[in-house]
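Trainee: Listed here are the chains, written in short residue letters.
Protein chains: 2
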Amino acid sequence: MLEKLRIYENLDEKKFLSTLQSNTIFYKNNQTIAYSLGDRNVIGIIEEGSANLVRFDYNGERTIVEELYSGDIFSDMFYSSTNSELLVIATSDCKVTFVSYDELINKAQTSINALSFLDNLISLITDKLVKRNERIELLTTRTIRNKLLAYFELQTKKINSKSFDLEYTYTDLADYLAIDRSAMMRELKHLKEDGFINDINRKITLLY
Amino acid sequence: MLEKLRIYENLDEKKFLSTLQSNTIFYKNNQTIAYSLGDRNVIGIIEEGSANLVRFDYNGERTIVEELYSGDIFSDMFYSSTNSELLVIATSDCKVTFVSYDELINKAQTSINALSFLDNLISLITDKLVKRNERIELLTTRTIRNKLLAYFELQTKKINSKSFDLEYTYTDLADYLAIDRSAMMRELKHLKEDGFINDINRKITLLY
DNA sequence: GTAAAATTGTTGCAAATGCAACAGTTTTTT
DNA sequence: AAAAAACTGTTGCATTTGCAACAATTTTAC
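Line by line, the protein sequences give chains A and U.
Residues 1 to 208 (our numbering) make up the first sequence, in order.
Residues 1 to 208 (our numbering) make up the second sequence, in order.
For the record, the hints were derived by calculation from the structure and aren't laboratory data.
A quick note: this is a predicted structure, and the numbers were derived from the prediction, not measured.
Copies of the same chain look alike in the list, so a pair counts if it works inside one copy or between any two.
Mimicking SDA-like on lysine to any residue, the simulated pairs with C-alpha atoms at most 25 Å apart in a straight line are: (1) Lys131 / Tyr101; (2) Lys162 / Leu86; (3) Lys95 / Phe26; (4) Lys158 / Ser80; (5) Lys157 / Arg55; (6) Lys157 / Ser123; (7) Lys28 / Ile89; (8) Lys107 / Leu17; (9) Lys158 / Leu86; (10) Lys158 / Phe56; (11) Lys157 / Val54.
Using the sequences and the hints, build the whole thing.
Mentor: Now the structure itself:
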């Protein structure tokens, strides 16, 4: 039995979805999830599986903007339309439900389920905002060393321990911190040499 | 007569605020706006005036995280509590109203005003998210030249014109892009020399 | 309207960073 | 089980960037 998704907390999911004109679609791995159906204000919910929100630069280069897992939501509402083209691409077979935000607001007047959904929606959006604020805090430090240390400190603070397992590959971490991978590896070596950290296969320990 | 703030759109502000235990406080310029009153989930609304959300690093250095103007909202909900200390400091005499998010959700079941407020709240939060996404897009480009061009392109796309007036001082722009100011000035000169841009006191024009 | 503070514009220099390239390892695919 | 792909680890080198410092200009405060 699957755990209840955060977006459906405190509400009767079946009843709620039946009152809206929601639609649920299954996608195969690597398929593009077409969610920008002309009209804005549609919210996609990853019910099962995972997907990536990716951006294609003018020169065709691909960047992962956000990794989406079961329970995550995505929407055009969160991205400026002036930016480069964004696509959501399944990274595994997945099940996605779409609901209309406008309809949701209408229904919230009469449906306690819709109101709870709205509450959960705010919680998920503020979570995204928190994550973005964290990332900006990392990106605005000026040196690779500081970026790494800030990232490591953030992780250790989150789990309240001096050690943690890297959730990214080094390649992806370099991407997340927007730095050159080889330069990052070099700095990582310096941090070890200078006794700031320990790194035993993917487990980072802060030594200060 | 003041224009209606976005957060109060489609609702009777007076009636709405009277149903909640909201409180409105006046602050003098440079005063600290204490909003983190132990309990989380309080939303502050800048009714009049302006303020800065600032962070103090471990070494005491001050960074402006967000500039708040009339109509903007702020809340602990949007920031990870593991981060450094955040303060809201008035940058002019201002009037701030605080409402409890939890109370708001409760009231939304019965009050159409509260529901509209919730709708507006989502709109303002997603706006913040859009802005953060934009900033991250700029911060993840690798060179000063690309940061500047990306910023300039974003501005021109927004107003659909090749020219625009800088909304920041150069000092602040360097801060926003997280680059050294003097290095930015140097690169700006190169961009002019190479015919990419024109800069006639604060008015930037893209020449491509 | 004058003084003080902030911003702009510039430069030399040292340090940090990105780039390119490649070998070794691990993971994924077929 | 073999082949392909992705990731890790490393280095030399050129370039970019940050830092420090200062004069000139503009803005703000009293």
